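S.K.: The lines below spell out each chain.
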Amino acid sequence: MERDGCMAAGKIRILQQIKKYITAALLLLPALLICFPVFLILTGSVMDSIELGQYLGPVFSGEEGFIRWKLMPDYPTFSHYGRLLFMTPAFFVLFWNSMKLVVCILAGQLIVGVPAAWAFAAYRVRGSRTLFALYVVLMLLPFQVTMLSSYLVLDRFSLLNTHGAIILPAVFSTFPIFLSYGGFRAVPVQLLEAARIDGAGELRIFMTIGLPLGKSGLLSAIVLGFLEYWNLMEQPLAFLEDKALWPLSLYLPEISWTQAGFALCASFITLIPAAFVFVLGQDYLEQGIIYSGLKE
Amino acid sequence: MAYGGRAQLLWRNRKRLPFLLFLLPSLFGVTMFVLLPFLDVVKRSMQTAVTGEFTGVKNYGVIFHNQAFLLAVGNTLRFTFVCIPLLVLVGLLIAFPLSTFKNAGLVKSVYLFPLAMPTATIVLVWKMVFYRQGFFNLALTKLGEMTGLWGPVAVDYLSTGASFWVLVASYLWKNTGYTVVLWLAGILAIPNEYIEAAKVDGAGRWKCIRHIILPNLKGSFYTIVILSFLNSFKIYREAYLVAGSYPQENIYLLQHLFNNWFVNMEFDKMAAAAVCVGAVLLVAIILLQRLWDREE
Numbered sequence: 001m002e003r004d005g006c007m008a009a010g011k012i013r014i015l016q017q018i019k020k021y022i023t024a025a026l027l028l029l030p031a032l033l034i035c036f037p038v039f040l041i042l043t044g045s046v047m048d049s050i051e052l053g054q055y056l057g058p059v060f061s062g063e064e065g066f067i068r069w070k071l072m073p074d075y076p077t078f079s080h081y082g083r084l085l086f087m088t089p090a091f092f093v094l095f096w097n098s099m100k101l102v103v104c105i106l107a108g109q110l111i112v113g114v115p116a117a118w119a120f121a122a123y124r125v126r127g128s129r130t131l132f133a134l135y136v137v138l139m140l141l142p143f144q145v146t147m148l149s150s151y152l153v154l155d156r157f158s159l160l161n162t163h164g165a166i167i168l169p170a171v172f173s174t175f176p177i178f179l180s181y182g183g184f185r186a187v188p189v190q191l192l193e194a195a196r197i198d199g200a201g202e203l204r205i206f207m208t209i210g211l212p213l214g215k216s217g218l219l220s221a222i223v224l225g226f227l228e229y230w231n232l233m234e235q236p237l238a239f240l241e242d243k244a245l246w247p248l249s250l251y252l253p254e255i256s257w258t259q260a261g262f263a264l265c266a267s268f269i270t271l272i273p274a275a276f277v278f279v280l281g282q283d284y285l286e287q288g289i290i291y292s293g294l295k296e
Numbered sequence: 297m298a299y300g301g302r303a304q305l306l307w308r309n310r311k312r313l314p315f316l317l318f319l320l321p322s323l324f325g326v327t328m329f330v331l332l333p334f335l336d337v338v339k340r341s342m343q344t345a346v347t348g349e350f351t352g353v354k355n356y357g358v359i360f361h362n363q364a365f366l367l368a369v370g371n372t373l374r375f376t377f378v379c380i381p382l383l384v385l386v387g388l389l390i391a392f393p394l395s396t397f398k399n400a401g402l403v404k405s406v407y408l409f410p411l412a413m414p415t416a417t418i419v420l421v422w423k424m425v426f427y428r429q430g431f432f433n434l435a436l437t438k439l440g441e442m443t444g445l446w447g448p449v450a451v452d453y454l455s456t457g458a459s460f461w462v463l464v465a466s467y468l469w470k471n472t473g474y475t476v477v478l479w480l481a482g483i484l485a486i487p488n489e490y491i492e493a494a495k496v497d498g499a500g501r502w503k504c505i506r507h508i509i510l511p512n513l514k515g516s517f518y519t520i521v522i523l524s525f526l527n528s529f530k531i532y533r534e535a536y537l538v539a540g541s542y543p544q545e546n547i548y549l550l551q552h553l554f555n556n557w558f559v560n561m562e563f564d565k566m567a568a569a570a571v572c573v574g575a576v577l578l579v580a581i582i583l584l585q586r587l588w589d590r591e592e
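Here the protein sequences line up with chains B and Z, keeping their order. Heads up: the first sequence at position 292 corresponds to 292 in the numbering used here, and the numbers run straight through without jumps. Heads up: the second sequence at position 74 corresponds to 370 in the numbering used here, and the numbers run straight through without jumps.
Simulated from the structure, these hints should not be mistaken for laboratory data. Accuracy of the hints is not assured; some may be wrong.
Going by beta-carbon spacing under 10 Å, a handful of chain B positions derived as facing chain Z [claimed, not checked]:
1. R124
2. L219
3. E286
Ranges between beta-carbon positions, derived for each pair [said to hold, decoys possible]:
4. B/D48 to Z/R374: 42 to 52 Å
5. B/K243 to Z/T344: 24 to 34 Å
6. Z/W502 to B/I12: 19 to 29 Å
7. Z/V559 to B/V137: 21 to 31 Å
8. B/A195 to Z/Y542: 54 to 64 Å
9. B/V137 to Z/K503: 36 to 46 Å
10. B/F36 to Z/F324: 44 to 54 Å
11. Z/T344 to B/S79: 53 to 63 Å
12. B/F36 to Z/L320: 44 to 54 Å
13. Z/L436 to B/G57: 14 to 24 Å
14. B/I14 to Z/L402: 22 to 32 Å
15. B/G57 to Z/P511: 48 to 58 Å
16. Z/P381 to B/T208: 42 to 52 Å
Owing to the predicted nature of the structure, the values given are computational and were not obtained by experimental measurement. Even for Gly, the Cβ is constructed at its ideal location relative to N, Cα and C.
With these hints in hand, go ahead and build the complete structure from the sequences.
M.R.: Written out as structure tokens, the structure reads:
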């Protein structure tokens, strides 16, 4: 009897294990779907042009049959990388444009946005909550709605067709304020009061208590900001006429389909900085997403 | 509530000067680059485009009889109302089983990764998947052969009404990750005692979910809706890169229209439409926040 009971318990345990593996498999299935594009880009970028032409022929030159693909290319080659890295100076110009834009925007956002976030988190004066609500609304307005007003003001400051036209409006975006605010809110008010009683000035409180304790919000703003501005599209299309000023994100669509391998290779290189930041800042990214969910 | 305590503590210390000093750079920039220019746009919405004569609400009348505007508004609304419920639900369905896992880190990173994928890169893959002879039709045809239920499938998803669903799929692909993270944070924040107590009282799994977990997730729900809304505007990038300024009519969004008006310098219509969209957004956000506040 007792043995039977034991065996039944064992069976239940095994069933539970199996159930767990099935859920895990079900959860990983969409994950495979998510990784599929990365796989295509990676294998395609080391494929010989002729081989790639055969596989993609049906899609882009109207041949019969379906697109095909190989797990491992028959004729692996790094010629696309060679061409891109050593024979395409334009690629580097745009790559550095992108870097410059992203770094300037993020630096500006930190200088302007972080103190503002601290102001909202650490002080309460009449109207401050209304002002914060206004900031949230501004954060939600899509670019196209403010495009005309941005254009007019950039025109007045004669910033059009310069990198300033992209950087300045982005620096005053209210999204990083919203994220950093989430981090600063975690700092206990009692701590600030204690510091005041001990005679610390407001700036000193911000630098020595606010920043170290609330930094995760601002770090997440940096990670999310990088991913966002590495993808810049609307702003440069509207405000930059000179293609030499464009960021990398607008270069890829310009490559024609006859050079698919080259395009895939450029895609892969575009992906690297974003993936790098993603891996480094993943914990902050997650924190930031959760902070952005905090209620004011 | 903890938050109320914090607010009261903050009120005790009304420091107008440091608040203003911390906020000043941001407030200055936002006023210069967003608020004042937008007022200018409101003024322009009541003028002719070139001569600047006052026309009252004529521009508003014009856009509401404009076919392109009505089409774009319809598509944008359809996209919003299809995507957001779908995303919220899919996220929840994934977050539930994931919340029982001890180390869900890897799965979460995989789901978040699409956030880091540059749009231009994705578009390349989209074309390979959704063109007439692409991977999607290949898979469908193979499935048809295997089950014998249907013959070869040859739909060009990007030039028929199905393009709308391609956009929906690509939105889900990109945004499921952060929705899952937000739901997870919400689920894990529910005190375990609640669930244990319900179990002791004899509640089954479903009862627990319906009466304990779901009601406690209302706060997360509003956040997720707002953020999904914010991100739903970004789908324009994919739509634009796949199909250009004049895509198939089912995916002609407001953003396309604004862009085309901008290029054709039809600033009068653009200003009127911007004011309308801004007003609708403002009302929607205020309503959402009302609902949100009442819940807490």
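S.K.: A separate judgement is required for each hint: does it hold in the structure or not?
M.R.: Status of the hints after comparison with the structure:
1. The beta carbon of B/R124 is positioned within 10 Å of a beta carbon in chain Z (closest approach about 4 Å), and the interface hint is therefore held.
2. The beta carbon of B/L219 is not positioned within 10 Å of any beta carbon in chain Z (closest approach about 16 Å), and the interface hint is therefore violated.
3. The closest approach between the C-beta of B/E286 and any C-beta of chain Z is roughly 6 Å, which is under the 10 Å cut-off, so the hint is satisfied.
4. In this structure, B/D48 and Z/R374 meet the distance hint of 42 to 52 Å, their C-beta atoms being roughly 44 Å apart.
5. Our hint of 24 to 34 Å for B/K243 and Z/T344 holds, since their Cβ atoms are close to 33 Å apart.
6. Between Z/W502 and B/I12 the Cβ separation comes to about 20 Å, which falls inside the hinted range of 19 to 29 Å.
7. For Z/V559 and B/V137, the hinted distance range of 21 to 31 Å is satisfied, since their beta carbons lie about 27 Å from each other.
8. Checked against the given bound of 54 to 64 Å, the beta carbons of B/A195 and Z/Y542, roughly 60 Å apart, stay inside it.
9. Evaluation of the 36 to 46 Å hint for B/V137 and Z/K503 yields a pass: the beta carbon distance comes to about 40 Å.
10. Restraint check, B/F36 to Z/F324: a C-beta distance of roughly 47 Å satisfies the suggested window 44 to 54 Å.
11. For Z/T344 and B/S79, the Cβ-Cβ distance of about 57 Å falls inside the hinted range of 53 to 63 Å, so the restraint holds.
12. The supplied range of 44 to 54 Å is met by B/F36 and Z/L320, whose beta-carbon atoms lie about 48 Å from each other.
13. Range check, Z/L436 to B/G57: Cβ separation about 20 Å, and the 14 to 24 Å hint holds.
14. The hinted window of 22 to 32 Å between B/I14 and Z/L402 holds, with their beta carbons roughly 25 Å apart.
15. At about 56 Å, the CB distance of B/G57 to Z/P511 agrees with the hint of 48 to 58 Å.
16. Against the hinted window of 42 to 52 Å, the Cβ-Cβ separation of Z/P381 and B/T208 comes to about 46 Å, which satisfies the hint.
Checked against the numbered hints above, the structure violates only hint 2.
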